[in-house]
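Given these sequences and hints, build the entire structure.
Those letters in the sequence shown? Residues -17 to -1, 1 to 239, per mature numbering (1 follows the signal peptide of the UniProt record, and there is no 0), in order.
These aren't lab readings, by the way, just hints derived from the structure by calculation.
Incorrect hints may have been included.
Below are the DSS-like pairs computed for lysine-lysine, each with C-alpha atoms no more than 25 Å apart in a straight line [what the hints assert, rightly or not]:
| # | residue 1 | residue 2 |
| --- | --- | --- |
| 1 | LYS70 | LYS56 |
| 2 | LYS56 | LYS30 |
| 3 | LYS30 | LYS58 |
| 4 | LYS236 | LYS175 |
| 5 | LYS99 | LYS30 |
| 6 | LYS58 | LYS37 |
| 7 | LYS175 | LYS56 |
| 8 | LYS56 | LYS15 |
| 9 | LYS15 | LYS175 |
| 10 | LYS56 | LYS236 |
| 11 | LYS236 | LYS37 |
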Amino acid sequence: MLPNIAVPVLMASAALAAPHVTQLEDRSTGGKVQNSAIARFDNSNNKDGSGAGKDEYRMYYGNGSTGNGWPDKSKWVSFEDMFNNNKNAMFNSCSWMGVPNNSGPEVGAIYDGIQKIASETGVDHRFILAIIMQESTGCVRVHTTGGSNHRNPGLMQDHNGSGTCNDYGSVQNPCPSSTIEQMIREGTAGTKDGDGLAQCLNQANRSDVSAFYRGARCYNSGDIPDDLNSDGTRCYASDIANRLTGWVNANSKCNL
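As structure tokens, this is what we get:
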């Protein structure tokens, strides 16, 4: 069964996800994290982090810094535990939309795609997974949202990407592994029309863990205010911080 919090989170975040656009002409794709302090091109260690964490939600406020109470990276769960903790949600995340749930090979393709794109872009694999769970709960046949001039397709509901297995009702089953990888690449490395996680981490302009929470705010709403809850989906950055520390099924305490 889909976790109680997953559907409303998906509906709210997908509708507003609009990675930052700084110019009207075609933008470069293939983004990579430029700051060596937060870049991670070797994501082969799946037992990184503090283990499985706790399935609980804590509301975070302010600018994403540990001084404002946001979790340090040492508090993040390991990628292995994070992926395993979210498997049940991924296997049951599509049926509420009237499309087939993920198969084992499709969930495996999500895992493989994250690992490959993380190594290409320098984006921590846990951050990519957190955004996937926030945007689509890992459903490979998630709806493409938005309109003809601004579409948000795929696992990461990216900005005008082409990777999708549900293009306004045109559903692919099974969803090809190459398409799943494309969804993750477009959301992480960016598209010609919008920034991915790599570009947002660069725009965060920080060398500590706050870069990730600021980057999440950028990915959702396109800007990075001092108060990370003041724009776009209000609790988006707080949600990501909680996903990175073990939140899966517990009730959200978002009060905004």
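- Hint numbers not upheld by this structure, sorted from lowest to highest: Numbers 4, 7 - these are the hints that the structure violates, sorted from lowest upward.
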